[in-house]
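One-letter residues, chain by chain:
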Amino acid sequence: MLHYDFDWTIVARPQFVNLVVDGLGRTMALAAISGALSFVLGALMAAARLSPSAVVRTPANALVEVVRNVPSLFWILFFYFVLPELMPAPIGKALHEWPSYAFVSGVLGLSIDNGAYLSDILRNGMAKIPKGQREAAASCGMSVWQECVWVLCPQSLRMMMPAIANRMVHNFKNTSLCIAIALPELTWATQQIESITFKGLEVTAVSTLTYAAGSLLIAFVLSRLSARQTAASTRARRNEEPCDGCR
Amino acid sequence: MIDCKSVFKRLAGRNVLAGADMRVARGEILVLCGPSGAGKTTLLRAINGLEPIDDGSITVADQLVWPSRKGARGLKGKVGMLFQHFNLFEHLCALDNICLAPRQVLGISKVEAERRGRELLAHLGLEDKAAHHPSHLSGGEKQRVALARCLAMQPAVMLLDEPTSALDPARTTQIVELVGRLKSDNVATVIVTHDQQFAYRVADRMVSLNSGRLVDLEHERSCCEPAAHPSRRAGDSRAPSLQAA
Numbered sequence: 000m001l002h003y004d005f006d007w008t009i010v011a012r013p014q015f016v017n018l019v020v021d022g023l024g025r026t027m028a029l030a031a032i033s034g035a036l037s038f039v040l041g042a043l044m045a046a047a048r049l050s051p052s053a054v055v056r057t058p059a060n061a062l063v064e065v066v067r068n069v070p071s072l073f074w075i076l077f078f079y080f081v082l083p084e085l086m087p088a089p090i091g092k093a094l095h096e097w098p099s100y101a102f103v104s105g106v107l108g109l110s111i112d113n114g115a116y117l118s119d120i121l122r123n124g125m126a127k128i129p130k131g132q133r134e135a136a137a138s139c140g141m142s143v144w145q146e147c148v149w150v151l152c153p154q155s156l157r158m159m160m161p162a163i164a165n166r167m168v169h170n171f172k173n174t175s176l177c178i179a180i181a182l183p184e185l186t187w188a189t190q191q192i193e194s195i196t197f198k199g200l201e202v203t204a205v206s207t208l209t210y211a212a213g214s215l216l217i218a219f220v221l222s223r224l225s226a227r228q229t230a231a232s233t234r235a236r237r238n239e240e241p242c243d244g245c246r
Numbered sequence: 000m001i002d003c004k005s006v007f008k009r010l011a012g013r014n015v016l017a018g019a020d021m022r023v024a025r026g027e028i029l030v031l032c033g034p035s036g037a038g039k040t041t042l043l044r045a046i047n048g049l050e051p052i053d054d055g056s057i058t059v060a061d062q063l064v065w066p067s068r069k070g071a072r073g074l075k076g077k078v079g080m081l082f083q084h085f086n087l088f089e090h091l092c093a094l095d096n097i098c099l100a101p102r103q104v105l106g107i108s109k110v111e112a113e114r115r116g117r118e119l120l121a122h123l124g125l126e127d128k129a130a131h132h133p134s135h136l137s138g139g140e141k142q143r144v145a146l147a148r149c150l151a152m153q154p155a156v157m158l159l160d161e162p163t164s165a166l167d168p169a170r171t172t173q174i175v176e177l178v179g180r181l182k183s184d185n186v187a188t189v190i191v192t193h194d195q196q197f198a199y200r201v202a203d204r205m206v207s208l209n210s211g212r213l214v215d216l217e218h219e220r221s222c223c224e225p226a227a228h229p230s231r232r233a234g235d236s237r238a239p240s241l242q243a244a
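These protein sequences, in sequence, are chains A and B. According to numbering that gives the first Met the number 0, the stretch in the first sequence is residues 0 to 246, in order. According to numbering that gives the first Met the number 0, the stretch in the second sequence is residues 0 to 244, in order.
Keep in mind the hints are simulated off the structure, nothing from the lab. Hints are not guaranteed to be accurate.
As the list claims (entries may be wrong) - Straight-line Cα separation of at most 30 Å, DSBU-like style, residue types lysine-lysine; simulated pairs: (1) Lys77(B) / Lys130(A); (2) Lys4(B) / Lys130(A); (3) Lys77(B) / Lys4(B); (4) Lys172(A) / Lys127(A); (5) Lys127(A) / Lys75(B); (6) Lys69(B) / Lys127(A); (7) Lys77(B) / Lys109(B); (8) Lys127(A) / Lys77(B); (9) Lys109(B) / Lys75(B); (10) Lys4(B) / Lys69(B); (11) Lys130(A) / Lys69(B); (12) Lys130(A) / Lys75(B); (13) Lys69(B) / Lys109(B); (14) Lys109(B) / Lys130(A); (15) Lys198(A) / Lys172(A); (16) Lys4(B) / Lys75(B).
Use the sequences and the hints to build the structure in full.
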């Protein structure tokens with residue numbers, strides 16, 4: 000029977016702690032930047048897909064379909080290995096030599112993948128708002144932008160928040176794919192420690208718990224945001240007695 | 000103020016509007032009657048730029064609504080429309096429903112918009128409902144909040160689609176008085192209603208929409224009209240201006 004001696008002191012050794020903390024920081028940065036960028040991309044793609052013009056709508060729909068039907072890992076590899084080759088030689092060379100290019104590739108790959116899914120969520124959320132709300136806003140003389148900011152988005156965001164939170168958690172977990180381009184994030188750090196110490200179980204246990212804690216934290220923060228938004232929208236105005244249903 | 004010329008609109012293979020002509024002057028109250036499905040709401044929506052028409056033209060407050068690409072947005076809130084299903088903004092309380100467009104479209108300050116919003120709510124007997132969301136208002140309350148939202152924009156034209164459908168007789172009288180104030184303020188008003196008594200009380204002119212065309216009902220009205228409510232008379236001192244509110 001295979002015998003394995005657990006040595007939990009490994010996870011407390013300063014050089015490994017530094018590696019894990021450094022990796023975790025990069026993972027969080029990847030998740031935060033790609034999360035924000037994917038939201039912007041998703042909103043743009045959703046707006047294009049809701050456009051009455053087929054010239055705008057069709058390419059946007061095609062792009063989303065292509066992105067969604069290709070593995071997330073492919074996009075990270077594409078931006079890291081393929082894109083510099085497609086560029087003019089000096090630019091490609093500069094990209095290869097740029098120390099942060101692995102991080103940028105990771106951000107771009109994760110963003111385009113997550114953005115495609117978010118565009119679906121945002122588009123469906125907007126489409127669920129009753130037509131009468133748009134008509135009332137137009138009837139009041141609001142511009143399309145005002146209608147979107149003051150009428151459609153506040154209502155649809157509340158409905159979409161759970162689905163957006165799911166995607167953001169997914170995006171956080173997908174950062175581990177960046178190990179494929181040797182980006183020193185959390186999974187890469189785990190692998191490094193394992194290859195040095197041959198004590199994979201302890202380190203993997205720590206990174207597993209870290210991923211779980213990170214995912215739960217993101218879900219918690221977004222659910223709090225969602226709850227705050229709901230509370231704000233149902234909160235009675237200052238100095239006024241709210242109705243029972245609005246409490 | 001409203002000028003519809005030979006308006007045609009086809010819906011579901013049927014000519015809902017087949018050459019409808021209509022003119023409403025400043026301060027005039029026109030009641031539009033007709034059976035369900037005759038196209039009354041379609042005509043109101045077309046006047047407000049929400050429903051494109053197939054042929055003809057609609058001009059409102061010297062602005063061409065159809066044919067035009069801008070539709071309702073081109074009118075910039077000059078037309079207030081009370082929708083049949085109210086269409087209140089569900090995420091906002093009653094006061095915010097009223098204040099949103101004046102603040103965003105007319106650029107009125109928050110304090111001024113709220114002052115005016117509260118006055119309108121008080122006019123309509125809803126002063127204690129300012130903080131309530133539409134989901135916690137009754138049908139009649141929603142209807143009055145929707146009306147206040149229209150009035151807050153100080154429109155030149157009001158389109159009221161079944162304004163008394165959710166109201167009891169006392170509230171209906173309140174709406175009659177309010178329509179009288181609109182007349183005093185020179186607002187051109189078109190009212191779609193099935194409530195004959197209400198129609199007789201408020202109308203300057205009544206027309207019926209039959210087979211897509213508008214037919215004047217003056218004769219019918221003169222035979223059946225009960226005494227008009229005093230507050231509808233233009234310039235009546237008991238009818239305080241809503242525009243000044």
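Are Lys4(B) and Lys75(B) close enough, with their CA atoms no more than 30 Å apart? This hinted pair holds, its Cα atoms lying about 22 Å apart.
Review point. Taking only the CA atoms, is the gap from Lys109(B) to Lys130(A) under or equal to 30 Å?
Key: 27 Å, holds
- Restraint status (C-alpha distance of Lys4(B) to Lys69(B) at most 30 Å): 19 Å, holds
**Request:** Verify the proposed pairing of Lys127(A) with Lys75(B), using a straight-line Cα cut of 30 Å.
**Result:** 26 Å, holds
Given pair status - Lys130(A), Lys77(B), alpha carbons within 30 Å:
Given that 30 Å is the threshold and the Cα spacing comes to 21 Å, the pair holds.
Subject >> Given hint Lys69(B) paired with Lys130(A) - CA-CA distance at most 30 Å >> reply: Holds, because 18 Å separates the two Cα atoms, which is no more than 30 Å.
- [ ] Compare the distance between the alpha carbons of Lys69(B) and Lys127(A) with 30 Å, and conclude whether the hinted pair is satisfied.
- [x] With a Cα-Cα distance of about 24 Å, the restraint between Lys69(B) and Lys127(A) holds, given a limit of 30 Å.
- Would you check the hint for Lys172(A) and Lys127(A), treating anything up to 30 Å between C-alpha atoms as holding? Holds. Lys172(A) to Lys127(A) sits at ~29 Å (cutoff 30 Å).
**Message:** Against the 30 Å threshold, does the CA-CA distance of Lys127(A) and Lys77(B) hold or violate the hint?
**Reply:** It holds: about 28 Å lies between the C-alpha atoms, which stays within 30 Å.
Practice item. Take a quick look at whether Lys77(B) and Lys109(B) sit within 30 Å of each other, Cα to Cα. Key: 20 Å, holds
Do the alpha carbons of Lys69(B) and Lys109(B) lie within 30 Å of each other, as the hint requires?
With a Cα-Cα distance of about 28 Å, the restraint between Lys69(B) and Lys109(B) holds, given a limit of 30 Å.
query = For the pair supplied as a hint, Lys77(B) and Lys4(B), is the alpha-carbon distance within the 30 Å limit?
reply = Holds: Lys77(B) and Lys4(B) sit about 20 Å apart, inside 30 Å.
The structure meets every hint from the earlier list without exception.
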